[in-house]
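J.: Here are the chains, one letter per residue:
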Amino acid sequence: MPVTAHPDCGPTSKTLRTKAVSLLLAGWILLLAFHPSAWSEEATSREYVVKAAFLFSFAHFVAWPHMAGQPSPPASAPLRIGVLGDDPFGSALDETVRNEAIQGRKIIIARSHTIDDLIDCQILFICRSEEDRLAPILQHLENKPVLTISDMEDFAEHGGVIRLYVIGKKVRFEINQSAALSHQLKLDAQLLSLGRVIGPISDRSHP
Amino acid sequence: MRRLSDLPLQRQLTWMVQATCILSLVLACTALATFEWLDSRQDGVRDLSTLADVLATTTQATLTFDDADAATRILKSLHSKPHILGARLFNRDGEPFADYLPPQGSCSLPVAPRQDGHSFELGHLVLYRPIFLDNKFLGTIYLQSDLAEMHHRLMLFIAVSLIVMTAALAIAMALSRRLQRLIAQPILALTRTAQSVAEEQNYTVRAPALGSNELGLLTKSFNHMLSRIQEQNFALTEGEERIRAVLNSALSAVILVDASGVIREWNAHAEVIFGWKRPEVLGTRLEALGLSPDDPTLQGRQSVTGGAGGPGRVDEISAKRRDGSTFPAELSVSPLKIGDVLHQCSFITDITERRNAQVKVQEQVSRLDLLNRITQAIGERLDLESIFQVVIRSLEDNLPIDFSCICTYDATAHSLTVGNLGSQCQSYAQALELTISSTLVIDQNGLSRCVIGKLVYEPDLRESAQPFPRRLVRAGLLSLVAAPLIVESRVFGVLLVARRNSQSFSSADCEFLRQLAEHTALASHSAQMYGALQGAYDDLRQTQQVVLQQERLRALGQMASGIAHDINNAISPVVLYTESLLENEPNLSSRARTYLETIQRAIDDVAHTVARMREFYRQRETQLSMGPVDVNETIQQVLDLTRVRWNDMPQQRGSVITTTLDLQAALPAVLAVASEVREALINLVFNGVDAMPEGGTLTLRSLRKAPASQDAQRGGESMVCVEVTDTGIGMSEETRRRCLEPFFTTKGERGTGLGLAMVYGVMQRHSGEIEVESEVGKGTTFRLFFPIANDAASSALAPAVPAPQRHLRLLIIDDDPLLLKSLSDILQGDGHAVVTADRGQAGIDLFQTACHTGETFAAVITDLGMPYVDGRKVASAIKSLSPTTPVIMLTGWGQRLVAEGDIPAHVDCVLNKPPKLRDLRTALTQHCHAQ
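Chains as they are written, first to last, in the working numbering: chain L, 1 to 207; chain Y, 1 to 931.
These are computed hints drawn from the structure, not numbers from a lab. Warning: the hint list may mix true and false statements.
One-sided and incomplete, this derived list gives chain Y residues near chain L with beta-carbon spacing under 10 Å [unchecked claim]:
1. 57
2. 62
3. 64
4. 65
5. 66
6. 67
7. 70
8. 72
9. 74
10. 133
11. 134
12. 321
13. 325
14. 326
15. 328
DEER-style ranges, computed between Cβ atoms [stated by the list, open to error]:
16. 94/L - 50/Y: 53 to 63 Å
17. 106/Y - 120/L: 50 to 60 Å
18. 50/Y - 166/L: 34 to 44 Å
19. 155/Y - 166/L: 50 to 60 Å
20. 78/L - 106/Y: 45 to 55 Å
21. 120/Y - 86/L: 55 to 65 Å
22. 167/L - 106/Y: 33 to 43 Å
23. 78/L - 50/Y: 27 to 37 Å
24. 50/Y - 153/L: 52 to 62 Å
25. 120/L - 50/Y: 36 to 46 Å
26. 120/L - 120/Y: 52 to 62 Å
27. 167/L - 120/Y: 53 to 63 Å
28. 152/Y - 94/L: 51 to 61 Å
Note that the Cβ used here is the ideal one computed from N, Cα and C, for glycine as well.
Bound conformation, chain Y alone (with noise of 0.2 Å):
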C-alpha cells in the first residue's frame, strides 16, 4: 500500500480535496444531524411543554374546582396528537385525577407525580409539569410522548444529507479534477524541470511560466534560481575546472585528506606517482592505501598531522607505490579549514630523479674532485714520466679499478709502446706478458680506432676477437676503456683501464677516463711545453747573457780594440825591422840574432795579447787558420801563463795547490788554433785551481788517446788528449751532466758560467771531444781530445814567401810616420819604389797627381783608422781614379772586419796590424800578379 505523500500530485491532490469534502460533509451532516437530533429532541419537549403548559393552564380551573369530568374532557382533546401516547393529571396532593390513552394506547401510566421536568425513557419522552395558579400549586400533569416522529425527522435529515453529500461530493471530484490543474500543472512542469535538471544537471532548461499568482512567482523564483544556479554552477564548474586544472598540471601529488583521514582530493600528479586512481581512492581512508600515517616511513607526516610542523615545512619521506614499492618523496603539508572542517593537503613530490640526479651530481662531483685533484698533482709535474705515474697511481687509489697502464704512441711506426704500468696491477701485467717499453700491436678495432682520437669502451672482451683483448680475457680482464691522449690533434698516448668484470664502466666512467685523457694530455703537453719553454727561456736568458756580456765585452773591446789598435801600430816597426832584420841582415852575429828572434817572439806574443783581448768580444776566430799546434809546449806556455792563480792566490790564503805535468813525449802535433787551446785549458786549470779551495794536486797531461765514445768506431785512429785532474771537491752527477750548459755555475756571484761553456765551444770548433770524470769529494779530470794533424797541414807550418821579383811601385798612406817610416824602409828593401802619404787627403792627392803624371802606382796600401779621410774613402777615390789598381788594408781591426764579413768596398786585401813581411808580400804577389 503506497503511503499518501508517495502518490503523484494529481492523485494526492484530488484525494485531498476528495478526502476533505468528505470529512467536512460529514462533520458538517453529523454536527447537523446531531444539532437535528438535538433540535428535534428540543423541539419535542418544547412541544409538549407547550402542549403541558396549554394542558395545565386549562385544567387549572377544573383543579381549581375539582372538577375531573370537565379535566378528562380537556384531555381527551389530545387524540388529535398521534404521538401522545398517554396523560395523567394528578390534583394538589398528588392522586390521579384524569388520565388520558388513546384509542389504541397500551400504555402505563405513573401513580404518583414527579417534579417538574423532562425525561427521556424507553424511547419516549415524558414529562411532568406542576400546575399553578397564582402561585398556588394546584397538581401536576404528566404527558407521555413517543419519538417516532423524531426518528423519522431525523431519518428524512440523514436521508436529504446524503444525496447533499453525494451531490456535493461528485461537484467536488469534478471540480478539484478541474481545478487541481491549476495547481499541479506547474507543480508538474516545476517537478519535470527539477528532475532534468536534478537528473542531467542541466540548468539551461526553464520552467514555463503559468500564471502570475505564488506558483507563478515559484515558477519565476525557480527559473530565476535556475539562472543562478546555471551562472554559479558555469563560475564553479569553471573555477573547479581551473583549480583542477591547476592541481592536475601540478608537478606534485595533491593529496586532501579531512580530519577523519578520508581522501577528498586526488590529483592527476597523485594517480601518476601513486598509481591508485582518482575515483578508486575518493572517500576512502588513507589507511586504505598503505599510505597510513602510522606508516613509520611516513613518520614526516606524523609529525606535521600532529602539528609540529608549519606550514611550509618539507619533509623527505619513503612513500608507498600501489604495487607496493616505496619511493623517496617530498613532503609538505599544509592545514587547511575548509567550513569548519580541518583538512589536510599533502603535497608529495617524487624526488627519485632527484635522488638519482644527485647521486649522479655528487659521483660528478667527486670524479670531478678527482679529476682536479689528478690534474693539480699532473700540473706540478713537469715531466711526462712522473705525470704518467700520477696520473696511474690516482686512477688505482681513487677509481677501483684492476688494470692500467700508459702507452705511447709512435705513428709512424704505429704501435703503442708501454710507458707506465700501475704498481697494483703488475699481477695482470705478467699475466698481460707487459712490461715497461714492451711493444702493443694496434687491433683493428679497438686500439686503432683509439689512436684516432676517439674513446673506446668495450664493455665485454669476450666478445671481441683481436689479438690484445684476447690476452686481457686471457688476463682475466673483461672491460677495457682506450682513452686517446690527443694534443693538437695528434694522439701522443692511450690511457688503458681495465676492469674485471664485463659491463663495468658506466658512462660517467668512461666521460671522466675520457677527461682525464685530455687533462693528462693537456699536462703532458704543458710539460712539454714547459720544457721547450724552459729550453726558450734557458736560450733566451743565456741570449741575454751572452748579449749582455757582449755588449760588456764589446764595450770592452772597443777600447781594447784601440789599444791594440795603437798597440798594433805601435809593434809595426818593431815587427817589420825586427823580421827585415832576421831576413836581411846575413851578417848577424848568433847572439843578435837570438835577441832579434826572442824580440821577435815576444813581439809575437804582444800581438797575441793583443788579438786575445779582442776575443773578449769577439765571437769566432775564423780567420785565425788552424794550424799544427806543439801540445806539450802550449801546456807548458798555459802553467807559465797562469801561475798566478795556482801558485801565488792560493799561497795568500795559506793552502797549496802543487801542479804536476805528466807529458807524453813525441806527440804529433794537432790542428788547432793555438791560442784557443791555449785559453781553453786556462780555463780548465782555473777550474781545478777554484775547486781545491783547502789545497791539493792540479795534475796536466798530455797523452795519445781517443775518447772512451769513440772506441768503437775509430778504435785505431787515436787522438791526442790532454787531461786536467784535480783533487777538488768533485761534483754531483747532475752537475757533472750540466756543468757544460752555458751559464751553468756553481760558484755563484764568482762564476760567468761561461768557462767550460767555452771550452766546450773550442772543442767544437775543433772537432774534438770532452770527457767529464768526476767524484763528489775525490776531485774532477778534464779530457780534451784533438784531432791530430795531417802533414798537408803541417807543411803549412812554415811558409817561405820569397822577395817578388818585380820591382813595383807603390803608395802607402797612414797617419803615424813611424808605420810609414818602417813600412816603406821594409817595402823598400824589396826592391820596390815606396810613395808615402801621410794621412788619406794627401794619399789621394798623390795618387791623382801621379794619375795625371802617368806615374801609376801598382799598388795602395793604406791604412783604414785615419782623422778626416779613413782608409774606406781613400780605398773608393782610388778605385774610382783607377779602378784596377789594387788597394792593400792594413788595419789594427783587420781581424774583427774580416770576421763580421765586413771588407769594405773597393778593398782587395786587408792586412792585420802588426804588418807580416811575408804577409805583405804575398799580398802583393797574389794582387800585382794578377795584374
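If we strip away everything but chain L, and leave its shape as in the complex, we get (with noise of 0.2 Å):
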C-alpha cells in the first residue's frame, strides 16, 4: 500500500490513514524499544531499529543544497539513504523507511562498502565497520552535500556531521555543526537544541 501523498487524497484521509500508521508504527517502535525482555535480549538490535528511525527522521530537519551547474532534483526524485559498510541495522531500516516519503520524496535505502557507491546519497550512515577507513572517506565526501551519520566514538570530532551515542537507554546525538557547513547541510535550529554540537563554533559545554 502506497503511503506517498496522493494529490487527490483529502489531507484527512490523508492524515487519518498517516497518523493510523504512525501509531501502529510508534506503539511497535515503542514496544520494541522499552520492551525490557526485548531490550535485554536484542538490545543491540532494538538500539539499531531506534537510530534507523533516527536516521530517517534527521532528513526532515536537514536541508541540503541545489548543486550548482546541475539541474536541481525533481520534487519526485528518491531521497537516498546510504549505509556504508557492515549494515548493523538487519531490516529495521528498510521496515522504517517502508512506504514513508519525505517532503515528497522516496526514500531509498542503499548499501555498499564503498564509498563510491553512496556517493550520491544524502545520507549516509557509516558503520562501525569503517572507522578504520573514515578519514579518506570522509575526506572523500569532503564538501559533498552529504549528511554523514555514524555511531563511532568521536565521529563528530573527526568530521562527521552526526554521531548517534547511548545515553542511559535513550539515543542521543552529537552534531559537528561546521562538518554540516563544510557539506553545505542547513541543519534545523530543533535539531540543534536538541543535540549536543561540537565544532569550531560549539563550546560544546551545552548538551
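Using the supplied hints, reconstruct the complex from the two chains, each of which is provided in its own coordinate frame.
T.: Spelled out as C-alpha cells, the structure:
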C-alpha cells in the first residue's frame, strides 16, 4: 500500500491514515524499545531500530543545497539513504522507511561497502566497520552535500556531522556544525537544540 | 401616560432623534461589543492557536527524537504568557510527554489528548493541536488559557462605548434641539395656520414661507391650497348663499330628505308653514316631525317616494304643523341624485289661502250665478210687481234667509210702503204686523241711511233702540240688511232681508245683496223704462198710423176736397135760391114750400155729407159749433144711414140682425155737434154688427141717466145717455180695458183700431162720458153720456138774421158763372148793388176802375180757388188799393182754412160754400157796419 501523498487524496484521509500508520509504527517502535526482555535480549538490534528511526528522521531537519550547475533534483527524486559498511540495522531500516517519504520524496536504501557507490546519497550512515577508513571516507565526501551519520566514537570530532550515541537507555546525538556547514547542509535549529553541538563554533558545554 | 403620537411635535422630534440615537448607538455598541467579544475570542483562539502552532513546530524535534526534557524546556517558555494556565504535550501514543504549569497555577491537565480544536470551558479556552512532521503524526499539544484578557478588553470596550454613547447622545440632543426647529418651526407655523383656518374658518391667513425645501414647498402648497380653498370657499359660500337666498325666498317650503328619511335641507318658508326651525330639524328624521311618510295624510308623498309619481306631479295633501294642526298643502317631490345618494326634494306650498279663496270664489260664483239667474228672471219681467216677487222668491229659495220684503219709498212722505213679502216669511210678517201696503216709519239710523242710498247692515238688532229694529227683535229676527234700490241716484225702494241669528250676514252676503239691489233697481228701472218705451213706441206707432191714415186721408181729402169744392159750388145756387125763395116768396103754395124745404134739407145733407167727407182727414171741426141736438132724431138718422150694414150685408151671409129702438120721449136736447154724434153712433152700430156675425139683436136706447162714476158727485145732474147693445161675442176684461186705445183692434186686417178711439175722442170733445159693459159670449153695451144743452145754447138754434138795412155796393168775384149769377141775384134781392167779375184779374181790374171813378165798393166777396189769380191775391190787391174795404172770402175749403188757423191775410171773413144767406147777411152786417 503506497503511503505517498497522492494529490487526489484529501488531507483528512491522508492524515488519518498517516496517523493510524504512525500510531501503529510508534506503538511498535516503543514496544520494541521499551520491552525489557527484548531490550535485554536484543539490545543491539533494538538500539539500531531506534537509530534507523533517527536516521530517517534527520532527513526532516536537514536542508540539502542545490548543486551549482546541476539541475535541481526533481521533487519526486528519491531520497537516497546509504549504508556504508556492514549493515547493523538488519531489516529495521528497510521497515522504517517502507512506505515513508520525506517532503514527497521516496526513500531508497542503498547499501555498499564502497564509498563511491554511495557518493550520491543524501544521507550516509557509516557503520562501525568503516571506523578505520573513516578519514579517507570523510575526505572523499568533503564538500559533498551528504549528511554523514555514524555511531562511531569521536565521529563528530573527526569531521562527521552527526554522531549517534546512547546515554541511559536513550539514543542521543551530537552535531558537528562546522562539518555540516562544510557539507553545505543547513541543520534545523530544533535539531541543534536537541543534539550536542561540537565544532569550532560550539563550546560543547551545552548538551 | 400620553402616547407618543399625542406629544407635541418638537418633543416628538426630540424624542425620536434621541430614541433613534440611543437605539442606533446601543445597537452599534452591542454589535461592536459582540463583534469585539467574538473578535477577542477569535483573537484569543488565534493567539492560542498561534502559540500552539509555534509550540507544535518547536516541539516537533523533541517528539521526533523523544526528548521530553527539551520539550519541557520549550514549554517553560510559556511563563511569559500569564494567561496560559497550563500546557501538556502528548506523544504520538497519547501519553503525556511534557507539561507546563505556571508557578501559581493549579489547573488540571487532561490525561489524554483530544481531537484538534478549541473550546471554551468554564471560563477557559482550551486547545488541542496535533503535531505533524511531514504529514507524520508526532503527538498533540494541549493549551489552556484563561479569558481575563478577553474580559478586560470587553470591559474596556464597553466603558469606552458608554462614554462615547453618552457624549454622542448629548451632542445629538443639542443638535436635534437646534435642528428640529428647522423642521418643527415651519410645521408648527403651518399647524397654527391650519388651526386658525380650522377653528375660525378664516381662509385669509397664510403660513409664513420658510426656506425652499420640501417644507417650504409644503407651506407654499398649503398657502396655495388656502388661496384655492378661499376662492372656492368664497365661490361656494357665495353660491350657497345664493342658493340659500333663492331657497329662502321661495314661497314654497323646500325640504330635502335623503334616502334614509333624514332631513338635509329646510328653507325659510318651511319654517314659516311648519313652525319648525331649521337648526332643529336638520339631521332629524321626517317622522320625528310627525311628517311620517306612513302618515295617511301624506299618502301622496308615499306614492311619490315609492316612485309612482314622476317629477312634475303635484299632489294635494294635508300637512301637519308643529302645533299639530293640519293644513291643506300642495306637494311635489323631485328625486335628486346628490353624489351617489338619492334624495327627495319636496316642495310644499300652503294652499290654505288658495282653498279659502277657492271657497270664496265658488261662493262668489254661486252668488254671481244666483245673481245672474235672478237678474235673468227679473229681466224677463216687465212690471215691478213681478220683479219684486221674483227677487224675493229667489232669495228665499237660494239664499237662506228668514225674512225678506221689498218696500217702495215715498220721498215726499218719507215713508216706506211694503210692496212684496216673501211667501215663506208670512209668520214673521204676522209677527211684525206687516202686510202688503202697510207703511213703515223710517228710523233715525238704519232705514234713514238706507233711503239716502247706503247699504245698511245691522249685525245685531238688539243693540238698536229704534222702533223698527225692536219690532224685528220681537219677531225673532236679529240681523238685518237693508239695501237701497237706486235708480239714477234716486232711492225708490228698499230691499229688507233679515235672519234669526245675529252676525249672520257676511260681507259677501252684503255685497251680494247690494248688487242684487242694484240689479233689481236696474231691472225695475228697465221695466219702467220699458213701460215708458212701450208707451212711447205705442204712441209712435199710433202717430205713425195716424200719420199714415192722415196721409191717406189727406190724399183722399184732397180729392174729396176738390169734389166737395165742386159740389159746394154746384149746390151753392140751389141753396141760395131755395133759401131766397122760402124767405122772399110769400105767395108760395104750401106744397111748394114743403118741396122747397125738403130740397133745402137735402141740400143741407149734401153739404153735410160733403163736409163729412172732409172729416176723413180733418182732425177737428172746431168751427162746427156745438148746437142743440135731438138725440132721438139723430138715432133715427143713424139707423137709416147704417141700414146697409145691419140689414143688407148680414142677410147676404144668411144671418139676421134685429134692431130695436128704445127711445125715451121728451128728452132734452144735448149740446153737441150733430154730425159727430151721428158718426159716433154709426161707429158703435158698426161695432155691434161686427160683434154678431151669427146674427142677433142690436138695441139702441136713449134715456136720461148719469154715468156710474159721476153718480156720487153729480147726483141730480143727469145726462142724456145713448146705449148701443148687441148680443154678440162680447169682450174679455183685457179687451174691454183696452178697446178704447187707438189702433187696438180684434178684427185683424179688417179693423183700423180707430173706430172706438174716434168715439172716445168725440165723447172727450163733448165733455161726455163713455161706459163699456161686456161679457164674453153675452154681448156688449156701450153707453155714451152727453151733457144736456142749456137754454142759452138752445136759443141760438134758430138765428133770425134780418135783411140788412143798408144797400151796399158789392163786388163779387168768382170763376163760376152760376154761382156769380145766383149770388148776385140773392144779394140784389136784399137791395144791394152787385157788380160781378169773372175771375180774379177781372175783379181786381173792376175794383181798380171803381176806385178811380169814385164808385167804391162797400165790400168785396171773392172766391178763393180761381185760376191764375186766386182769392188771396185778389184780397191782397184789394187791400192795397183800399185797405178799409172788407174782403169776404167764399170757399169750398173754408172750413179747412179755419180749422188750420190759416185765414189768409187781407181777408176779413171766410164763409163756406155753399153760402147760406144768413151767413152772408151776418158777415156783411158785421164788417160793413164796422165801417
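J.: Now, for every hint given, state plainly whether the structure supports it.
T.: Hints and how they fare:
Annotation: interface hint on residue 57/Y holds; nearest CB of chain L at approximately 8 Å, less than 10 Å. Interface restraint check for residue 62/Y: the shortest CB-CB distance to chain L comes to about 7 Å, inside 10 Å, so the restraint holds. Hint status for residue 64/Y relative to chain L: holds, with the closest Cβ pair at about 5 Å, below 10 Å. For residue 65/Y, the interface hint holds, the least distance from its beta-carbon to any beta-carbon of chain L being 5 Å, beneath 10 Å.
For residue 66/Y, the interface hint holds, since its Cβ comes within 10 Å of a Cβ in chain L; the closest pair sits about 7 Å apart. The beta carbon of residue 67/Y is positioned within 10 Å of a beta carbon in chain L (closest approach about 5 Å), and the interface hint is therefore held. The closest approach between the C-beta of residue 70/Y and any C-beta of chain L is roughly 5 Å, which is under the 10 Å cut-off, so the hint is satisfied. Here the hint on residue 72/Y is broken, as its CB sits about 13 Å from the closest CB of chain L, past 10 Å.
A least Cβ separation of about 8 Å between residue 74/Y and chain L falls short of the 10 Å threshold, and the interface hint therefore holds. Restraint check, residue 133/Y versus chain L: the minimum CB separation of about 6 Å is within 10 Å; hint holds. A distance limit of 10 Å between C-beta atoms decides the matter here; for residue 134/Y the minimum to chain L is near 6 Å, and the interface restraint holds. Annotation: residue 321/Y was flagged as interfacial toward chain L, and the flag is violated, the nearest CB pair being 107 Å apart, outside 10 Å.
The criterion of a C-beta within 10 Å of any C-beta in chain L is not met by residue 325/Y, whose closest approach is roughly 111 Å, and the hint is violated. Because the beta carbon of residue 326/Y sits about 109 Å from the nearest beta carbon in chain L, more than 10 Å, this interface hint is broken. For residue 328/Y, the interface hint is violated, the least distance from its beta-carbon to any beta-carbon of chain L being 112 Å, above 10 Å. Here the CB-CB span from residue 94/L to residue 50/Y is close to 39 Å, at odds with the stated 53 to 63 Å.
Checking the proposed 50 to 60 Å range against residue 106/Y and residue 120/L shows it holds: the Cβ atoms sit about 57 Å from each other. Take residue 50/Y and residue 166/L: their Cβ atoms lie about 37 Å apart, and the range 34 to 44 Å holds. Roughly 56 Å separates the CB atoms of residue 155/Y and residue 166/L, a value that falls within the hinted 50 to 60 Å. Checking the proposed 45 to 55 Å range against residue 78/L and residue 106/Y shows it holds: the Cβ atoms sit about 52 Å from each other.
For residue 120/Y paired with residue 86/L, a C-beta distance near 58 Å keeps the hint of 55 to 65 Å intact. Between residue 167/L and residue 106/Y the beta carbons are some 35 Å apart, a value that agrees with the proposed interval 33 to 43 Å. Checking the proposed 27 to 37 Å range against residue 78/L and residue 50/Y shows it holds: the Cβ atoms sit about 35 Å from each other. Residue 50/Y and residue 153/L have their C-beta atoms about 43 Å apart, which leaves the hinted 52 to 62 Å range violated.
Between residue 120/L and residue 50/Y the Cβ separation comes to about 40 Å, which falls inside the hinted range of 36 to 46 Å. A C-beta distance of roughly 54 Å is found between residue 120/L and residue 120/Y, which places it inside the suggested range of 52 to 62 Å. Between residue 167/L and residue 120/Y the CB atoms are about 43 Å apart, so this pair departs from the stated range of 53 to 63 Å. Distance hint for residue 152/Y and residue 94/L: a CB-CB separation of about 57 Å, consistent with the stated range 51 to 61 Å.
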